[in-house]
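Trainee: Listed below, chain by chain, are the residues.
Protein chains: 4
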Amino acid sequence: MVLNSGGRVLEFDWPAIRIGTGEYPDGPTGVTVIHFPNRAFGAVQVMGGGPGTVNTDYLRLGWAIRELDAVVFAGGSWYGLEDTTAVATALKDDDIRDGLWDNLSLSVGAIIYDLGDRRLNEIYPDKRLAQAAFRAARTGAFPLGAHGAGRFAKTGGLFGCNAYSGQGAAFRQVGELKLAAFVVVNALGVVTRRDGRVAACYRDAGWPEDLRPADLFSNYPASRKGGWNPLAAGQSGSRNTTVGAIITNQKLDRAQLDRLATHVSASMSRALQPYATEFDGDVLYAVSTAELDRNVDQSETPNFDLDILAAEVMWDAILSSVPEQPEVLRPASGQPPDPDVLARHVGEYVFSPIVSVSVTVDGGRLYAQASGKRKAYAIPLESTVELLPVSENVFTVPGRYPVTLDFTAGDRLVINPGHWQQTGVRRLN
Amino acid sequence: MVLNSGGRVLEFDWPAIRIGTGEYPDGPTGVTVIHFPNRAFGAVQVMGGGPGTVNTDYLRLGWAIRELDAVVFAGGSWYGLEDTTAVATALKDDDIRDGLWDNLSLSVGAIIYDLGDRRLNEIYPDKRLAQAAFRAARTGAFPLGAHGAGRFAKTGGLFGCNAYSGQGAAFRQVGELKLAAFVVVNALGVVTRRDGRVAACYRDAGWPEDLRPADLFSNYPASRKGGWNPLAAGQSGSRNTTVGAIITNQKLDRAQLDRLATHVSASMSRALQPYATEFDGDVLYAVSTAELDRNVDQSETPNFDLDILAAEVMWDAILSSVPEQPEVLRPASGQPPDPDVLARHVGEYVFSPIVSVSVTVDGGRLYAQASGKRKAYAIPLESTVELLPVSENVFTVPGRYPVTLDFTAGDRLVINPGHWQQTGVRRLN
Amino acid sequence: MVLNSGGRVLEFDWPAIRIGTGEYPDGPTGVTVIHFPNRAFGAVQVMGGGPGTVNTDYLRLGWAIRELDAVVFAGGSWYGLEDTTAVATALKDDDIRDGLWDNLSLSVGAIIYDLGDRRLNEIYPDKRLAQAAFRAARTGAFPLGAHGAGRFAKTGGLFGCNAYSGQGAAFRQVGELKLAAFVVVNALGVVTRRDGRVAACYRDAGWPEDLRPADLFSNYPASRKGGWNPLAAGQSGSRNTTVGAIITNQKLDRAQLDRLATHVSASMSRALQPYATEFDGDVLYAVSTAELDRNVDQSETPNFDLDILAAEVMWDAILSSVPEQPEVLRPASGQPPDPDVLARHVGEYVFSPIVSVSVTVDGGRLYAQASGKRKAYAIPLESTVELLPVSENVFTVPGRYPVTLDFTAGDRLVINPGHWQQTGVRRLN
Amino acid sequence: MVLNSGGRVLEFDWPAIRIGTGEYPDGPTGVTVIHFPNRAFGAVQVMGGGPGTVNTDYLRLGWAIRELDAVVFAGGSWYGLEDTTAVATALKDDDIRDGLWDNLSLSVGAIIYDLGDRRLNEIYPDKRLAQAAFRAARTGAFPLGAHGAGRFAKTGGLFGCNAYSGQGAAFRQVGELKLAAFVVVNALGVVTRRDGRVAACYRDAGWPEDLRPADLFSNYPASRKGGWNPLAAGQSGSRNTTVGAIITNQKLDRAQLDRLATHVSASMSRALQPYATEFDGDVLYAVSTAELDRNVDQSETPNFDLDILAAEVMWDAILSSVPEQPEVLRPASGQPPDPDVLARHVGEYVFSPIVSVSVTVDGGRLYAQASGKRKAYAIPLESTVELLPVSENVFTVPGRYPVTLDFTAGDRLVINPGHWQQTGVRRLN
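Chains as they are written, first to last, in the working numbering: chain A, 1 to 429; chain B, 1 to 429; chain C, 1 to 429; chain D, 1 to 429.
Just chain A, same shape as in the assembly:
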């Protein structure tokens, strides 16, 4: 378990918000807790076709009561909803809330889908992780990129981009008005910059470097063909969801909070293209900490402007979520590795109860085949694929995506070493 991890961090000054993240590196997967120590007012907009949520019905009733304690985002698809309920019970177990009706803890949340073929295991963020993240929450810092609930997020699956993604945040203050956007970006669509370019994508052959959504849509559905068919079996890696929260210190009534949620959510169609598809579960919470209760003339920045600005802050947050993309390694061109070295790599490597990879050598070449419930990226279940050497201990399966196999550790095979690595342990005979 890793808490509050992350090198790139958004710093912001707003004590009414506390952020805690938790990660299981072996997934990797994680959770992000947004805790409002003074409670807040909340609303929600569900725009995607496959959401997972907790307690949204209560928010929709719109009582003008300051009682929202936390918004919780997690990986693990519907299994990650355990994280939202875990924060409610942690608030009680820690004696912050109790059983009196006006002091119950109200925790709402949503999840992203980070299971399927993007990982070689099915570890999910559970109650223990969520409660630890809640207890580690602190003010003023939000880890950006592949952290917390965005630990193994991806984007662009619709077009086969399969870019690594993460969580993002942005903060803006205009006079006394504060706006913060927090978002876990796991969209079926591509992240799009304000200059109209795709922010991250493992491009298909022949695609331009300055790829734009318009290039992909004008050629649709051909642009999908090579990559993805949502109706085909075993393609679950591209299920998606973008979940977020837009928070202001301006006191807003129910209709205004609803409008904020709706406007910002719809506006995310610019930064994520497409957005709100059947295979996204997009959920946006709108929250007011209500520290600022401006008078009616709203002289500087009317609540109406707040919506417009909030949509821009959310776009900033989405852009900040994009991590550096791992490189696709090219095989070395020189001499093949020494047969003795190759022989050391042979074995069966167990990644989890559901996936193993068997490495064999034949005619001075290394081959791999997966077994279990599903293939291991480019390593198929029903046949072998040749592993091409990059160096003595590092091999690759060339293609559109990074598939790097690192045998350096001897008893372990690390696929895609680095932030999203999957580790298989050699089975002892």
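Check each hint, because a few of them may be wrong.
[What the hints assert, rightly or not] Heads up, simulated DSSO-like pairs for lysine-lysine below, C-alpha to C-alpha not over 30 Å straight-line: (1) C/Lys251 - A/Lys251; (2) A/Lys127 - B/Lys127; (3) D/Lys127 - C/Lys373; (4) C/Lys373 - C/Lys127; (5) D/Lys373 - D/Lys225; (6) C/Lys251 - B/Lys225; (7) D/Lys373 - C/Lys127; (8) A/Lys373 - B/Lys127; (9) C/Lys225 - B/Lys251; (10) B/Lys373 - A/Lys127; (11) D/Lys127 - C/Lys127; (12) B/Lys127 - B/Lys373.
[Said to hold, decoys possible] Computed footprint of chain D on chain B; a stretch qualifies when at least three of its residues, placed anywhere within it, have a C-beta under 8 Å from a C-beta of chain D: (13) 55 to 66; (14) 252 to 260.
[To be verified] Looking from chain D toward chain B, a few residues come up when the C-beta cut is under 10 Å (computed): (15) Leu61; (16) Gly62; (17) Trp63; (18) Ala64; (19) Asp253; (20) Arg254; (21) Ala255; (22) Gln256; (23) Asp258; (24) Arg259.
Simulated from the structure, these hints should not be mistaken for lab results.
The C-beta atom is built at its ideal place from N, Cα and C for all residues, glycine as well.
Fit chains B, C and D to the given chain A structure using the hints.
Mentor: Chains B, C and D only, in chain A's frame:
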């Protein structure tokens, strides 16, 4: 932890439904799991003003996919939502579901409020209890009365009835058509029989024996005055919710499932009066196991009739939830207890970290005073109340409700011995 | 066109509400306009399966703006929605509202189904009638029974009761708090009194005089068989809708108005059994005139009580809607009418472009057959039925329902003379 | 009254859709009727903060019944809802539908705000116009630009762009799959092209020629300041709404239709920036004519692709709505007009009961002042403004927007002669 407990049971023949209950007797509180081993189709109607729910947004999208695994009801207010997510993760941990997008576990649920001053502790049904109940689920039997999620339910708080309540069930087959209703009755209103009489109520002075809702409403709000003010502090014991599921084997499309949920939920206004108030969180799931896919003419029982019949089955289920009500004991009229005996009862009894009761003797009479976060029923926090003897070891505080104190065990004080008893342990000095 | 007609009237003192009704006696059908001269706040709950509404989406957004001008109810099914938009344009044409965005007229509404086989014509309340009713609106009086939008309402079609119905109203003041309920009762179910008896029903053979819903439901669907099959062709006379408004002078925020609408609508399941079926289009508006803005302690009657009381006021309103039921005439037992008299009745009577009735004589007996788009009550399309004499000029077709044919006028045949009469004019050869 | 007017037309081959438009040139304002002669299935998504709609509640119930007859869009804000109900009654009056419950006409609709200060009158499209447009409906052609309901639409009011707008349409066929988008574009935001440029805007001083939304948002709310304050009095000209329909021949179930509506509506945030604001009433209907019922494998273009493609077709439709923008005339630089000529222009010109313009001459210069309920574009109410000569009979008030005054006709003053002209008649003394 007690599983599948209950003397009064509804037996029914429908293997597509499995029922498991779990209880913590020390609350007491509990959980009821309705598991559909072949999955089902679901819809939901939220009619109350204070619901707690999980995953209803997904149901509302109305995809025609058989993917509902479980409906979970629990005590513990919002803390009990942990039970719904716990069943989802149990389904995965037990390898019934996994991480593939078309094999995720879909668990939905709702909670009742059984905290506040109706119990002297704040134990809630947690992940461990819910997973045990799920694993104990079996077909053909539903425990009736104060069991499972209805372990410490109450009804009629609006009028100060404070009747003990529970969970109910009914089953009806018409030709091949099956209907089952399961419900946890914790209504602010009173349970009403088809002959127009209130099924259970600790009546106020002067109220007729054959009390009818019309008697209470015609005199409202005077009929509320003696009992309850929802806006007064510390009256949280009367927060309420009725949660249920209406299930049919008839295949229904989305609009039909919605109609079933809406019609049955609205119809519950007859059996629970009033229903769907601000202080109820009433939630009803409508589920189709879709084993019966009749042709269009629906010759015997059109889907339209199904709605009407379902509302009647639900009324039956509500009526079956009412347990036998504990008696209000009268003080004995004879000699007062021996002072030596009284002295043995003196001490401080700890019921939970939040409530203790101190028993003292003065002038041959026994007195009690509560301490901690709240009073212990009729035993106040800021003064003492005299305990009148029923027998040597049993005392009472006379009034509208049963308040029985049993010192028989010596080192323990049992309040309201029996199914809903609260046990205090004498503190050692 | 008849405006503000009605002998039985609810009088009430509340200048913030103006009521106007319009009727076309040739339908008969009509419209009821509830006008708020100082505008009001509104919310809506749609509970039935077949509603017709205008502008509810705007209400649902919940802006805290006093801008509701009118709630309009009409007969004519979806054609009667013209009445709601007609009131909006009348407000503009009369220079009460205009085109400035903060002075637009906001008129919302709903309709009942009073077409099909309950009338021998398809006249609907149109723009002209609605605007006249709006302009005739006055304060302090609401016509009860078969007037306005309830001019040809019916209830109990589910069980074949086919009772004549109408519109109802009730008013109650508690301290400064005012509550009014206005309702047009055209339910598929039966109107039920607080003593549990059905208020009006043409009973089937063998049904008890003190008929109760429980009698009908316990025997369902057999109790439906003789009367009605919603899926059979040509049975459209039993389509239904109950539309209403619950109005208070207490200022309520959006969530409170929603709760009022939901609670009162669900509670109508007691007075109308069943309620909110697939074949009802039940719609309830909740309106606050906001003249009373009580302080937070709500000392006398909290907003919570207001909901409970409002549901009772609505029940009163529903009961007040029931008109006196026309009698089923029995044939005279004595001598048959003189053949010369019978001969005078022979002819073809045109009721509307869609229904005519041909009266013939054969062997000293009178026969009738309908032609056109549909039958004329008990007078069939494809065969003749004998008309039995009640007197020289009055005949009947005996059965469960009143079918009285009055030839007194000579050139006209009046079926069911009286408030709901249908008049056919003899075709000249 | 002008029917089916328009030079630029989208032609398409789809007999299941008939289009009729009606316009009152004196507004100008109008209505667009989309009639489905074989009826269709419909759903709706309301995304804006100020909608006006009819019968959406019925659509939301989601019955799988082919019964949608028409979608009607109109100007006139809430007054234009009369057009939707008028089409329902026209269908009945023309004997296409009647009073039988399974043959009622179902007409749904929405309106745009084209009142306020953008016109010098308050003429709205009424029942007569809508019924004429319905009766003139024909297949295969949709007039583009400022026609039908888009007769006096505008866009970009948020930034003071105030571009003239209109209605758009696009059609696309992929194999057997057909998609059509019809839209009336009256957005508060700017129409945005796929290359990221604003399609039409009267730019403020200093704004670049290739204006992009990012330019405006990065500088927000300063970019709003010069133009518009939604909370200021008398600025109602910038109230807005974009209403549309996305139609496919693919049979879709309820959840799929909902998804189509939601996805396409959210995606419109790209073509209209911003979209779904508090001051837009954005409504989108999704309709299936269900002529194409493809088998489950959806081999060529899955329903999922249909959503993505539909969003592109809608973008095309929005772009097609933009009419050529009238030029801002510059005053002539040479000799001032002859005083005798100027004297001929003097007089009071009545534009409508609510606006007149008084033209005076003083010192060889022409001046104008408005009277009535509001100013006439740049001609103020409380002072005069000088009219600068462009030619002998044509004058202008220089500024950001076209304000051209044409006195050529002698007895009339035409402001902004051309497609959007306002005509004042000289008052006779």
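Trainee: Against the 30 Å threshold, does the CA-CA distance of B/Lys373 and A/Lys127 hold or violate the hint?
Mentor: It holds: about 28 Å lies between the C-alpha atoms, which stays within 30 Å.
Trainee: Does the alpha-carbon distance linking D/Lys127 and C/Lys127 stay inside the 30 Å limit?
Mentor: With Cα atoms ~9 Å apart, D/Lys127 and C/Lys127 stay inside 30 Å; holds.
Trainee: Per the CB criterion, is D/Trp63 less than 10 Å away from chain B?
Mentor: holds (5 Å)
Trainee: Once the shortest beta carbon distance from D/Ala64 to chain B is found, is it less than 10 Å?
Mentor: For D/Ala64, the interface hint holds, since the closest Cβ of chain B sits about 6 Å away, which is under 10 Å.
Trainee: Restraint: D/Asp258 near chain B, CB-CB cut 10 Å. Satisfied or not?
Mentor: Because about 7 Å separates D/Asp258 from the closest Cβ in chain B, which is inside the 10 Å limit, the hint holds.
Trainee: Tell me if chain D covers the stretch 55 to 66 of chain B under the three-residue, 8 Å CB rule, please?
Mentor: holds (count 4)
Trainee: Does the structure keep D/Lys127 and C/Lys373 at a Cα separation of 30 Å or less?
Mentor: holds (28 Å)
Trainee: Quick one, are C/Lys251 and A/Lys251 close enough, alpha carbons at most 30 Å?
Mentor: holds (20 Å)
Trainee: Closer than 10 Å between Cβ atoms is the bar; does D/Asp253 clear it against chain B? Give me holds or violated.
Mentor: Since the shortest Cβ distance to chain B is 6 Å, the answer is holds.
Trainee: Taking 10 Å as the limit, does the beta-carbon of D/Gln256 come near enough to a beta-carbon in chain B?
Mentor: holds (9 Å)
Trainee: Would the hint linking B/Lys127 and B/Lys373 be met if the CA-CA limit is 30 Å?
Mentor: holds (26 Å)
Trainee: Are the Cα positions of D/Lys373 and D/Lys225 separated by 30 Å at most?
Mentor: It holds: about 25 Å lies between the C-alpha atoms, which stays within 30 Å.
In the structure shown, no violation is registered for any of the earlier numbered hints.
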